[in-house]
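Sequence lines, in order, name chains A and B. To convert, note that position 61 of the first sequence is 61 in our numbering; the numbers rise steadily by one, no gaps. To convert, note that position 64 of the second sequence is 1064 in our numbering; the numbers rise steadily by one, no gaps.
Please keep in mind that the hints were generated in silico from the structure rather than gathered at the bench. C-beta atoms are modelled at their ideal positions from N, C-alpha and C, and glycine is treated no differently. Keep in mind that the hints are not guaranteed to be accurate.
[Stated by the list, open to error] Interface residues of chain B toward chain A, partial, derived using beta-carbon atoms under 7 Å: (1) His1073; (2) Thr1076; (3) Arg1077; (4) Arg1082; (5) Arg1088; (6) Phe1090; (7) Lys1091; (8) Gly1092; (9) Cys1101; (10) Ser1107; (11) Gly1114; (12) Tyr1249.
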Amino acid sequence: MALYLSIFTQILITIVAVSGVYVLTGLTGMFSLGQAAFMAVGSYASGILVVKLGVPFPLACVLAVIIAVAIGYVVGFPTVRLRRDYISLVTLGFGEAITALLNRATKLTGGASGFIGIPKKTTFLMALLSAIAAIALVSWFKTSKYGRQCIAVRSDELAAKAMGINVPKVKMTAFLFSVAVTAFSGCLYAFYITYVDPTIFGWKKSADWVIMVFFGGVNSLTGSVAGAFILSGLPELLRSLDQYRSIIYAILVLLIINFKPSGIFGEWELTFGNLKKLGSRRSRKALKEGKN
Amino acid sequence: MALLEVKNIHKSFGGVKAIQDFSLEANPGEIHGIIGPNGAGKTTIFNVISGVYAADQGSVTLDSKNITKMEQHMITREGMGRTFQNIRLFKGLNVLENVLCAFDPQSKYSIVGGLLPTPKRRSEEKRGREICEHFLEMVGMTAFLNERPENLAYGMQRRVEIARALTCNPKVLLLDEPAAGLNPTEVAELTELIQRLSKEIGFAILLIEHRLELVMSISHQIHVQNFGKTIAVGTPAEVQHNPEVIEAYLGKEE
């Protein structure tokens, strides 16, 4: 039971992070290969604040998110003006730089041997509530004018500008929101595992998240959450296959791109209205089949 | 002073002189047609006026404000609406949401409203919805609010694009080949729509079009472009009898 609870808590933390990635990659069409670095910033900043400076945990989370957003602003400022493909390169470089920095700043971060002695504060309930809150905020964002403008920018930047949309500002808003959510997942992570080291926040983690978003459906938050749930849950349950994780992921991505490029859920979102529609379609189909 | 004043603009791409010394003055209620063979630089004129490209020389003034060097989205907010030659509606949004995107920059709620369903957000979204539904009604697309634009017929997509441009509250509306790919019935409907909009809203309309029956029937003034140069300006009747225009369109008599 304790094992399943632990696995489930970690899945929920991943869901928080991936809902942030969804805002950036799914909604706005920007690929970040350094998103995990913002999780690292969240983890280390909150950890250092609590362990070395004695700041209470909730305040440390808030401060860590603010620090991450400030760094995000500095990284984002030149980046959002670039063409889309360059954004992945800049964020990749930034992410690796953060990892290197965490490795070198031994006094503050413990270097390559990791940062230890973080108290265990994150509970299953806290992770669950955080995941629900993250999903709620992101889905409200999606249906707001901000979300709409993000989709417009993803679809056609030139047309978006011609409609009066300030494209760099929209990209920046999406970027900072996603950074905030991801950094918060870092706080949860650090105070659950109680130990962090720089290697877990490399570009591979960022790439995993992008894969999760694509797996579930790049245009659907429901899909991204489901993707995070399935792809972060599977390796935990099939521990013995851990070595083959990358291979399994690669095969999954190839299958998805070939047979269902829009992901498992496509654009479908889990809402009451859509559930009703699905239900009525099912019953109509059943009725039809019954008649035949 | 005219509402829109385009003065002697030039634009080159490398060695290609796409626009040479183009000038135009448009006032509210007027319809200006811009015609010419393919590659005459017509769309480039629109792109310079609406800020996609900056002019190499010359100036563009909208409502006595110099917009020559402004960013594209700011020019739109000053009152410039446009449609595109190859329809550029947003994928992933339905018809109403597409039009709402043009309202969103005018919508007045902050990021707090972007993350939480605040009362301010609700009232602004409602206001936007009403405005957009009004413009969609004007172009006759009320029945398709929740439809995906890619599922609609070409002519209907054009109408949605026009509704989206109207939502920008334009003082000047740029229509880039609105009749391209439409059948004769649709062209007649479109002609009627453009004239009605011009009367009801009273903005200046600039129209690029290959369908001469459309341009000639509704334009007050026509600019004929060829190889980046203006070869004739005048009323439809004047232009039709201009020997240079006949030459550009039909070739020279041997």
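query: Taking 7 Å as the limit, does the beta-carbon of B:Tyr1249 come near enough to a beta-carbon in chain A?
result: It is violated, given that the least Cβ distance between B:Tyr1249 and chain A is near 30 Å, above 7 Å.
message: Just to be careful: measuring from the Cβ of B:Phe1090 to every Cβ in chain A, is the smallest value less than 7 Å?
response: holds (4 Å)
field: Restraint check, 7 Å cut-off on beta carbons, for B:Arg1082 near chain A
entry: holds (5 Å)
message: Would the hint on B:Lys1091 be counted as holding, given a Cβ-Cβ threshold of 7 Å to chain A?
response: Nearest chain A Cβ about 5 Å off; hint holds.
field: Interface hint compliance - B:Arg1088 to chain A, C-beta minimum distance less than 7 Å
entry: Holds. Min distance 4 Å.
Satisfaction of the B:Thr1076 interface hint, Cβ to chain A closer than 7 Å: holds (4 Å)
query: Once the shortest beta carbon distance from B:Ser1107 to chain A is found, is it less than 7 Å?
result: holds (5 Å)
field: Agreement of hint B:Gly1092 with chain A interface, Cβ distance less than 7 Å
entry: holds (5 Å)
task: Verify the interface restraint on B:His1073: the C-beta must sit less than 7 Å from at least one C-beta of chain A.
output: holds (5 Å)
field: Per-residue hint verdict: B:Arg1077, partner chain A, C-beta under 7 Å
entry: holds (5 Å)
- request: Report holds or violated for the interface hint on B:Gly1114, using the least CB-CB distance to chain A and a cut-off of 7 Å.
  value: holds (4 Å)
Hint check, B:Cys1101 versus chain A [nearest Cβ-Cβ separation less than 7 Å]: holds (5 Å)
Violated hint: 12 only; the structure is consistent with all others.
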